[in-house]
Amino acid sequence: MVAVENLVKDYGDLRAVDGVSFQVKKGDILGFLGPNGAGKSTTMKMITGFLSPTSGTASVDGFDIRKHPLEAKSRIGYLPESSPAYPEMTVVEFLSYVAETRGFRSKDEVHKRLSDVIVKCHLQTVQSQSIETLSKGYRQRVGVAQSILHDPPVLILDEPTDGLDPNQKHEVRKLIKAMAEDKAIVLSTHILEEVEAICNRIIVIDQGRVRVDETPDEFKARKPGSSIDEIFREITSSKAYA
Amino acid sequence: MNQLLPVFKKEFFGYFRSPVGYVILAVFHIVIIGLTIFAGYYESNQASLDTLWTFLPWAFLIFIPATGMRLWAEEERSGSIELLFTLPIPPMAAVLGKFLAAWAFIGIALTLTFSLALTTSYLGNPDWGIMFSGYFGSVLMSAAYLAISSVCSALTKNQVIAFVISVLICFLATLFGSQILIALLESIAPAGLIDFLGNFSFLAHYQTMTRGLIELSAVSFFITLTTAFLAINVVILEK
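If you're matching them up, the sequences are chains A and B in order.
Counted the way my numbering counts, the first sequence spans residues 623 to 864.
Counted the way my numbering counts, the second sequence spans residues 2 to 240.
Please note that a few of the clues may not be correct.
Here are the simulated SDA-like pairs of lysine to any residue, each with C-alpha atoms no more than 25 Å apart in a straight line [as the list claims (entries may be wrong)]:
1. A:Lys758 - B:Ser79
2. A:Lys742 - B:Pro89
3. A:Lys648 - A:Lys689
Read the hints as simulated data drawn from the structure, not as lab findings.
Quick caveat: nothing in here was measured; it's all calculated off a predicted structure.
Can you build the whole structure from these sequences, using the hints too?
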């Protein structure tokens, strides 16, 4: 469903992403790991069409993000890092705006979509508050709500559980897992047990390159007995890549 | 293009979600009415809005960049631009939606000055045709100012910089045809150059309309300028 081929992104002399390729199928929850600055967010921004790659392509459901941006974008639900929104809008205003841009124009449709995601993301108590008054956890959940509102076949989530407390993290993970069956999901995270808990594939990216692309079991089998944290550290700090 | 509507709605009502919109409207209104009266609206003993038209371009010079500066700079600063351009909205619809929203906001400000038109008709017997032509010219001219401001806003994530640069550009565009610049250049520049620069003057084109003459050249001047700047705006964002 998502096919990424040889994505490269240069910022001046700096090569932020260096030939990243992978595929995500329906039913996959792909955990995107890597140290800060490894190129995770940049890769996600290229898949979602916010940045144009220096070279390489990404396509969603067969639609190339550069050649058919609108078709591709309408199939993606995207949660950008730190989940930006419009601070003066209320939660309902903001979600209605997103629903309208997603093509839901009749009042009933918008209402149905909104009540659905508001329940799913537990936003009932804050729905008429303006977004600037919300805590980080709520803001993050508004971002998640915005991304799943149109029930997209592809979900790209940049640190979806960032800033949530343990209970909320659990809720969001449950939500993601429940949606996985008929979607292709890519999520980036720094929390390695999260990957263990919900992902069925791991990609480790470091210095712009894919270092590891395998299942969590294979990943753990790299060094039996040690934790997933230790293996991650070994891969991204020793430069002897397997 | 049907993606234009949600952007327009979000942006237009955005002016009224915070006090900013109300403050801008109030200040503009007080300033423009104040200037008009100060310039001799009553003393002139004429049933016309000439004194309003004299000051409107100069008030627009500040008011329109203040209206337009947030259009893109704010989205870039807060990062919401990433959301905007990962939604299925073509850049052109986003640019037009935002532009039309800000233009409608300026329309409200202009509508508020109808109080002067009503006062004039109460006190005398104005020529409504000339008044209409003046308002028509003002609406057109505001579009050109706004398109310039929108481009400046797209170039930076800092609203203050966007404001200052667009005031500067609008100021130069207005000044091209004013007596001040002509007097300044007369001694050093050839007459041909002054005439040439005058062709790009906002004031010259605007003034014919405030005198009741809707010239095709003036109308097409503002429309072409607006379209050109909006196209530049789209190009900047696509990059």
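Q) Going straight from one Cα to the other, do lysine 742 of chain A and proline 89 of chain B come out at no more than 25 Å? A) 23 Å, holds
Q. Regarding the pair lysine 648 of chain A and lysine 689 of chain A, is the alpha-carbon distance no greater than 25 Å?
A. 23 Å, holds
Q) Holds or violated: lysine 758 of chain A with serine 79 of chain B, Cα cutoff 25 Å? A) Holds - the C-alpha atoms of serine 79 of chain B and lysine 758 of chain A are around 15 Å apart, at most 25 Å.
Consistency with the previously given hints is maintained throughout, with no hint failing.
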